[in-house]
Structures are given as structure tokens and as C-alpha cells.
Amino acid sequence: MKIVIQALILSLFIHILYFLGTFLSGYFQTISYKPDIQNAWQSAHHLQNKVTFGVAISPLSYLLSFLGVTLACGMIIFLYKKLFH
1 MKIVIQALIL
11 SLFIHILYFL
21 GTFLSGYFQT
31 ISYKPDIQNA
41 WQSAHHLQNK
51 VTFGVAISPL
61 SYLLSFLGVT
71 LACGMIIFLY
81 KKLFH
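With our numbering as the guide, the letters of the sequence shown map in order to residues 1 to 85.
Keep in mind that a hint or two might mislead.
What the hints assert, rightly or not - Beta-carbon label-pair distances, calculated as ranges:
#: 1; residue 1: Lys34; residue 2: Leu60; range: 32 to 42 Å
#: 2; residue 1: Leu83; residue 2: Tyr27; range: 18 to 28 Å
#: 3; residue 1: Lys82; residue 2: Pro35; range: 50 to 60 Å
#: 4; residue 1: Val4; residue 2: Ser32; range: 21 to 31 Å
#: 5; residue 1: Gly26; residue 2: Leu83; range: 17 to 27 Å
#: 6; residue 1: Gly68; residue 2: Asn39; range: 42 to 52 Å
#: 7; residue 1: Met75; residue 2: Ile37; range: 48 to 58 Å
#: 8; residue 1: Tyr62; residue 2: Lys2; range: 46 to 56 Å
#: 9; residue 1: Ile77; residue 2: Ala56; range: 31 to 41 Å
#: 10; residue 1: Trp41; residue 2: Met75; range: 55 to 65 Å
#: 11; residue 1: Leu79; residue 2: Phe53; range: 39 to 49 Å
#: 12; residue 1: Met75; residue 2: Gln42; range: 48 to 58 Å
To be clear, the hints were calculated from the coordinates, so they are not data collected in a lab. Glycine included, every Cβ here is placed at the ideal spot set by N, Cα and C.
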């Protein structure tokens, strides 16, 4: 049972790092964006009518990702303890 708890904690930590990295990457891209206003007027007729913000992913995929990473972490912890202890 101890391995399962360790695997869950490690999986949670990995997912938090992933989401934090994605958030910070988008934040810094937004902060550093400098639009070219003068040239934007020359190509105004090529603008789209719709705006898309990112991709919508099913919450089920996050659950499956969490369970998959937990399983992988559990196997790694189990093998590490078997081989080195």
C-alpha cells in the first residue's frame, strides 16, 4: 500500500509540474508579445472571422493520464526497491 501512495504522490507532483510549466509558458508568451500595429493594417482583409483559444480536452483524458503515470511510477518504485534494496 505504501508503494501505491508514493506512486500517487509522484504522479500528482509530475502533473502539477506539467500544468505549471504550460501555464508559465503561455504567461511569458503573452507578456512578451509585441504586436506590429503598422503592418497589421496592410493585411486586415486576411483576418479570420472566428477566434479559437486552445484545444478542449476531455476531463477523462486527464484522469487516464493521471492513472497511467501513477501506474508507471508504481512500477518504477517497485523495481527500484526490488533491485537496490
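Going down the list of hints, with the structure as the test:
Checked against the given bound of 32 to 42 Å, the beta carbons of Lys34 and Leu60, roughly 39 Å apart, stay inside it. One distance hint, 18 to 28 Å for the beta-carbon pair Leu83 and Tyr27, is violated here, with the actual separation near 41 Å. Checked against the given bound of 50 to 60 Å, the beta carbons of Lys82 and Pro35, roughly 56 Å apart, stay inside it. In this structure the hint that Val4 and Ser32 lie 21 to 31 Å apart at CB is violated, the actual value being about 42 Å.
With their beta carbons about 40 Å apart, Gly26 and Leu83 fall outside the hinted range of 17 to 27 Å. Checked against the hint of 42 to 52 Å, the pair Gly68 and Asn39 passes, with Cβ atoms roughly 45 Å apart. About 54 Å separates the C-beta atoms of Met75 and Ile37, a value consistent with the hinted range of 48 to 58 Å. About 25 Å separates the C-beta atoms of Tyr62 and Lys2, a value inconsistent with the hinted range of 46 to 56 Å.
Between Ile77 and Ala56 the Cβ separation comes to about 34 Å, which falls inside the hinted range of 31 to 41 Å. For Trp41 and Met75, the hinted distance range of 55 to 65 Å is satisfied, since their beta carbons lie about 57 Å from each other. For Leu79 and Phe53, the hinted distance range of 39 to 49 Å is satisfied, since their beta carbons lie about 42 Å from each other. Evaluation of the 48 to 58 Å hint for Met75 and Gln42 yields a pass: the beta carbon distance comes to about 57 Å.
Of the numbered hints listed earlier, those contradicted by the structure are 2, 4, 5 and 8.
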